[in-house]
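Protein chains in written order, with the working numbering: chain A, 149 to 306; chain B, 149 to 306; chain C, 149 to 306.
If you're looking for bench data, these hints aren't it; they were derived computationally from the structure. Where hints are given, some of them may not hold.
Since the list gives no way to pick out one identical chain from another, each pair is judged satisfied if it fits inside one copy or across any two copies.
[Stated by the list, open to error] Calculated pairs, DSS-like style, for lysine-lysine (alpha carbon to alpha carbon, straight line, at most 30 Å):
hint, residue 1, residue 2
1, Lys275, Lys197
2, Lys253, Lys291
3, Lys243, Lys208
4, Lys211, Lys197
5, Lys237, Lys291
6, Lys275, Lys291
7, Lys197, Lys208
8, Lys275, Lys243
9, Lys253, Lys197
10, Lys253, Lys237
11, Lys237, Lys211
One letter stands for each residue in the lines below.
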Amino acid sequence: MKDERATLIMFSGDLDKAMAAFTIANGAAGQGLEVYIYFTFWGLSLLRKETGDGELFLEKMFKRMMPVGPEQAGLSQMNFVGAGSMLLKTLMDQKNSATLPDLMKMAREREIQFIACQASMDILGIKREELIDYQHLRVACVKTYLEVANGARINLFI
Amino acid sequence: MKDERATLIMFSGDLDKAMAAFTIANGAAGQGLEVYIYFTFWGLSLLRKETGDGELFLEKMFKRMMPVGPEQAGLSQMNFVGAGSMLLKTLMDQKNSATLPDLMKMAREREIQFIACQASMDILGIKREELIDYQHLRVACVKTYLEVANGARINLFI
Amino acid sequence: MKDERATLIMFSGDLDKAMAAFTIANGAAGQGLEVYIYFTFWGLSLLRKETGDGELFLEKMFKRMMPVGPEQAGLSQMNFVGAGSMLLKTLMDQKNSATLPDLMKMAREREIQFIACQASMDILGIKREELIDYQHLRVACVKTYLEVANGARINLFI
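In isolation and in its complexed conformation, chain A is listed as follows (with noise of 0.2 Å):
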């Protein structure tokens, strides 16, 4: 483990949030800091591949409502049944700026290491074959990241 690390938690799956929070673990990055982003609870929505089938109906209720993947995320603010949302999606098209989906690429480029909660998939019923395919991810504890977290010269929650 590198000296220099910076931690993110994504709790939030909000498409604003999730934009802050791969720009700035990709900067920290491209400094040459170790990073590490858990995500838990509304965050692992941007690691879902495609809807899995839970075996309880009211996991499956609660799996449907949540998104899957970063180009369902809506915003935090103003989303208005997502229409917020394609509104920024629009202005960032107009102006080439990279997407939700870009930024995320190029974490994995990076090598930023995905942790992705334990006790929140098993609450949510997300299985790990539900979640992308990443070399870097792997499932674990909130005490692999206060692991990580202790130490580090950034850590956040967004």
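Starting from the known structure of chain A, arrange chains B and C on it as the hints suggest.
Below, chains B and C alone, put in the same frame as chain A:
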């Protein structure tokens, strides 16, 4: 004061965010860190034990809208006037996950330090006697938080 | 740059969160820390001084929906189309609490460093001249934030 400390600012009173906060806090205490939680604004609702009788009409109105205690906390997203929150609780119940009251009890057993923000209590008209009884709960201002956070290993705003 | 620094990312433009951020920032400055606030996304609305005329229709639409300055900020919870925010302001007024504009004025008197996020300004179509005049406000990117945060005592995302 121990050398290794973690601090959390519990700004949100949302069920999901509070669960994340107490899971991190309990984990950090379990790893031997001295943990402080600074409850401010909506986060104060987690410490309320009953509806107090504010003296001003507006205070009463505001306080009546704020949840009382962890059982009444809603979700930060997909709350649907409490339905999302009930659904999540049912899912956790089916899996025997620790509930928010469980996590808060554990925090007290681990002697996590609770600080209730004086300024927020003044604005919202919440009095000391309306907060839970807990030996390690004190009412203080942001100065106290900053003294603790300055030099801590992990500082998060939740 | 001083040895003891604190940084805040002001992502949210909400009244309650901005009040928490400036209270922390002013307190930290009062304790002798060098304080930086990085305004990004919705947080930029706190620095706007008037509705600028974006060149693109969508920009205009988005900017028209964003608040202009701290007086227009809403609450992150229980806003009820502005009623919650008015109620809170009335409560604070009755108790002579510092308002958000007061807190921002104090931050400027304490020479807290403001950084406006270049990328967010580009996406939202906000120009430098639409932001408040303040000697210690500069427009920069996440790289600058990271250089300041790396090695700071306290880093928070709000």
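Status of the hints after comparison with the structure:
no.	hint	result
1	Lys275 <-> Lys197	within (11 Å within a copy, 38 Å between copies)
2	Lys253 <-> Lys291	both (27 Å within a copy, 19 Å between copies)
3	Lys243 <-> Lys208	between (38 Å within a copy, 15 Å between copies)
4	Lys211 <-> Lys197	within (12 Å within a copy, 33 Å between copies)
5	Lys237 <-> Lys291	between (36 Å within a copy, 23 Å between copies)
6	Lys275 <-> Lys291	within (20 Å within a copy, 36 Å between copies)
7	Lys197 <-> Lys208	within (15 Å within a copy, 35 Å between copies)
8	Lys275 <-> Lys243	between (37 Å within a copy, 15 Å between copies)
9	Lys253 <-> Lys197	within (14 Å within a copy, 36 Å between copies)
10	Lys253 <-> Lys237	within (17 Å within a copy, 34 Å between copies)
11	Lys237 <-> Lys211	both (24 Å within a copy, 14 Å between copies)
Consistency with the previously given hints is maintained throughout, with no hint failing.
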